[in-house]
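So the sequences go chain by chain: C and E. Numbering of the first sequence is given in my numbering, commencing with residue 1 and proceeding in unit increments. Numbering of the second sequence is given in my numbering, commencing with residue 1 and proceeding in unit increments.
In case anyone wonders, no lab produced these hints; they're calculated from the structure. Beta carbons are placed, not taken as given, at the ideal position from N, Cα and C, and that holds for glycine. Hints are not guaranteed to be accurate.
[Unchecked claim] Under the rule of at most 25 angstroms between Cα atoms (straight-line distance), these lysine to any residue pairs were calculated in the SDA-like manner:
| id | chain 1 | residue 1 | chain 2 | residue 2 |
| --- | --- | --- | --- | --- |
| 1 | C | Lys145 | E | Arg238 |
| 2 | E | Lys180 | C | Val55 |
| 3 | C | Lys232 | C | Asn5 |
| 4 | C | Lys166 | E | Asn170 |
| 5 | C | Lys165 | E | Phe154 |
| 6 | C | Lys19 | E | Gly89 |
| 7 | C | Lys166 | E | Glu157 |
| 8 | E | Lys290 | C | Leu149 |
| 9 | E | Lys33 | E | Ala277 |
| 10 | C | Lys68 | E | Asn178 |
[Unchecked claim] Covered stretches of chain C (in silico footprint by chain E; criterion: 3 or more residues with CB under 8 angstroms from a CB of chain E, positions within the stretch not fixed):
| id | segment |
| --- | --- |
| 11 | 82 to 95 |
| 12 | 102 to 113 |
So you can see what is in the structure, the chains are spelled out below.
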Amino acid sequence: MLVLNDIRKTFNIGTINEKKALNGVTITLDDGDFVTIIGGNGAGKSTTLNAIAGVWPVDSGVIEINGKNITGLPEHKRAKFLGRVFQDPMTGTAATMEIQENLALAARRGESRGLRWGITKKEKDEYRELLKMLDLGLEDRMTSKVGLLSGGQRQALTLLMATLKKPELLLLDEHTAALDPKTAAKVLELSDKIIEENKLTAMMVTHNMHDAIRHGNRLIMMNKGRIIYDVKGEEKKNLTVDYLLQKFEEASGTAINNDRMLLSK
Amino acid sequence: MKSITALLSALPGSVAQGLIWGVLAIGVYITYKVLDFADLTVDGSLGTGGAVAVMLITNGCPIPLALVVAFIAGCAAGFITGILNTMLGIPAILSGILTQLALYSINLDIMGKANAAVSVDKYDLLVSLRYIPQSIITGTIFIVAIALALYWFFGTEQGFTLRATGCNPNMARAQGINTKKSTVIGLVLGNGLVGLAGGLLAQYQGYSDVNMGRGAIVIGLAAIIIGEVLGELILGKRLNFIGRLLFTAVGAIIYFVVIQVVLWLGLSSQNTKLFSAITVAVFLAVPYLKAQSKTSFKRAAKRGVAEDAGA
Numbered sequence: 001m002l003v004l005n006d007i008r009k010t011f012n013i014g015t016i017n018e019k020k021a022l023n024g025v026t027i028t029l030d031d032g033d034f035v036t037i038i039g040g041n042g043a044g045k046s047t048t049l050n051a052i053a054g055v056w057p058v059d060s061g062v063i064e065i066n067g068k069n070i071t072g073l074p075e076h077k078r079a080k081f082l083g084r085v086f087q088d089p090m091t092g093t094a095a096t097m098e099i100q101e102n103l104a105l106a107a108r109r110g111e112s113r114g115l116r117w118g119i120t121k122k123e124k125d126e127y128r129e130l131l132k133m134l135d136l137g138l139e140d141r142m143t144s145k146v147g148l149l150s151g152g153q154r155q156a157l158t159l160l161m162a163t164l165k166k167p168e169l170l171l172l173d174e175h176t177a178a179l180d181p182k183t184a185a186k187v188l189e190l191s192d193k194i195i196e197e198n199k200l201t202a203m204m205v206t207h208n209m210h211d212a213i214r215h216g217n218r219l220i221m222m223n224k225g226r227i228i229y230d231v232k233g234e235e236k237k238n239l240t241v242d243y244l245l246q247k248f249e250e251a252s253g254t255a256i257n258n259d260r261m262l263l264s265k
Numbered sequence: 001m002k003s004i005t006a007l008l009s010a011l012p013g014s015v016a017q018g019l020i021w022g023v024l025a026i027g028v029y030i031t032y033k034v035l036d037f038a039d040l041t042v043d044g045s046l047g048t049g050g051a052v053a054v055m056l057i058t059n060g061c062p063i064p065l066a067l068v069v070a071f072i073a074g075c076a077a078g079f080i081t082g083i084l085n086t087m088l089g090i091p092a093i094l095s096g097i098l099t100q101l102a103l104y105s106i107n108l109d110i111m112g113k114a115n116a117a118v119s120v121d122k123y124d125l126l127v128s129l130r131y132i133p134q135s136i137i138t139g140t141i142f143i144v145a146i147a148l149a150l151y152w153f154f155g156t157e158q159g160f161t162l163r164a165t166g167c168n169p170n171m172a173r174a175q176g177i178n179t180k181k182s183t184v185i186g187l188v189l190g191n192g193l194v195g196l197a198g199g200l201l202a203q204y205q206g207y208s209d210v211n212m213g214r215g216a217i218v219i220g221l222a223a224i225i226i227g228e229v230l231g232e233l234i235l236g237k238r239l240n241f242i243g244r245l246l247f248t249a250v251g252a253i254i255y256f257v258v259i260q261v262v263l264w265l266g267l268s269s270q271n272t273k274l275f276s277a278i279t280v281a282v283f284l285a286v287p288y289l290k291a292q293s294k295t296s297f298k299r300a301a302k303r304g305v306a307e308d309a310g311a
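With the hints as extra help, turn the sequences into a complete structure.
What follows is the structure, given as structure tokens:
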């Protein structure tokens, strides 16, 4: 499915702020894998997702999706394969456009856009049904501007948009971190549901170790731009937070430095 | 102060002028409002449209064709600004200023001198200050046709990409939109309309001048802001897209009526640009100051003092 082979990326090369963000990340995802990613501050979790999404070119290494080498493709061309939800609820939607217009934009991800109508009558009916599934009452507000929605509503909408056209890989970058606990739980539950129903392959960065253990079939721990622990199946299901912390210390030689992660323990 | 009849007799001319500048303002609306790109190219591309139209008309080119070429010349100017910004990494404002400066020379080259006349007696011009009622009708037709065309365009898939790019480029790229391309398209379209406005304006005033675009961006912004405020005031709600475009043209008309009134009140004509700049500055500052007045350090300090005194 997804293959990352020895991905490296250094920011601000040659300056005092030089930062080796990715230090040889290698991983192979199988079809239907739902991987949760945890790690300390600056471990390279979000950077890995950004490398896959093509926010910038990597320094070296190869990225393949379903056998296609996408290492040289710019962000907007990779979008064809990827659904993305970001940490900041403002990032994933266009605030000055209507809910239904945002969905219509997402429905055309990876397709050439011409002078046909940006949204059709038939689509509107489909979107109404899909929005009902979110159970947020958005189906009655389809012509409202997205800027009027709350963070949780926007994140749920972004999730729907990311999966409206089935992505080959869904990237969730701490997508519940900016939400209050109740809303976060709801969005996470929705993520699970959508991933399961559509049999999606997904990667989810989180700072919540409980969530990382509870969701998905595979867990990756990162430190200093490398994957230091990769576990799946039964072994993953039986993980505990304390064991993960211990594992981190073993693998990295230091205690975990992610405050938010420790607070959510 | 002159008589009130002098003012009243001058107002139809302001309306005609406002409609022509309304075409420019709608062009500015696309770059400034839809794309969120403060595009200073317009000060140059207005003159380019005027120069191209006058030179073509006086050399025997049919007027509609001359206007089409003026539109295309404006498009080319916007394209250059777009390339400077998206491909060469030059900040938006500076890209526009560079193109604008280059166009000053190019406009001189097109005309061969600082200005070129086109007489309504010799050519069958579409608009002219000598025939104001006809000019108002023609201007209105242009505005309505342009507003309808843009309403259609911004409802298409391609139009959606421009709106998304202006609103949230990160989201746009995540949805597979080439934001560089849509930025260039928006600048091309906006400046095309400005070029067209230049072609109309040159006909209206009977000449094209290398300085005719100076401060055009400010007039365009003034029209947009006046139109927005007025539209919401009259209709009592936020306007939809076509309403905004039409009220932008109305804003341009109001702008020229107001200029006419202040001239009548005794402002010297050389000070109209000063007046315009102040007007736009005030309109842009008011929303900011309003927000500030609700939450400012000064207020916080005052409240702090009051609480101290109370305690």
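Self-check item: Hint numbers contradicted by this structure
Solution: none
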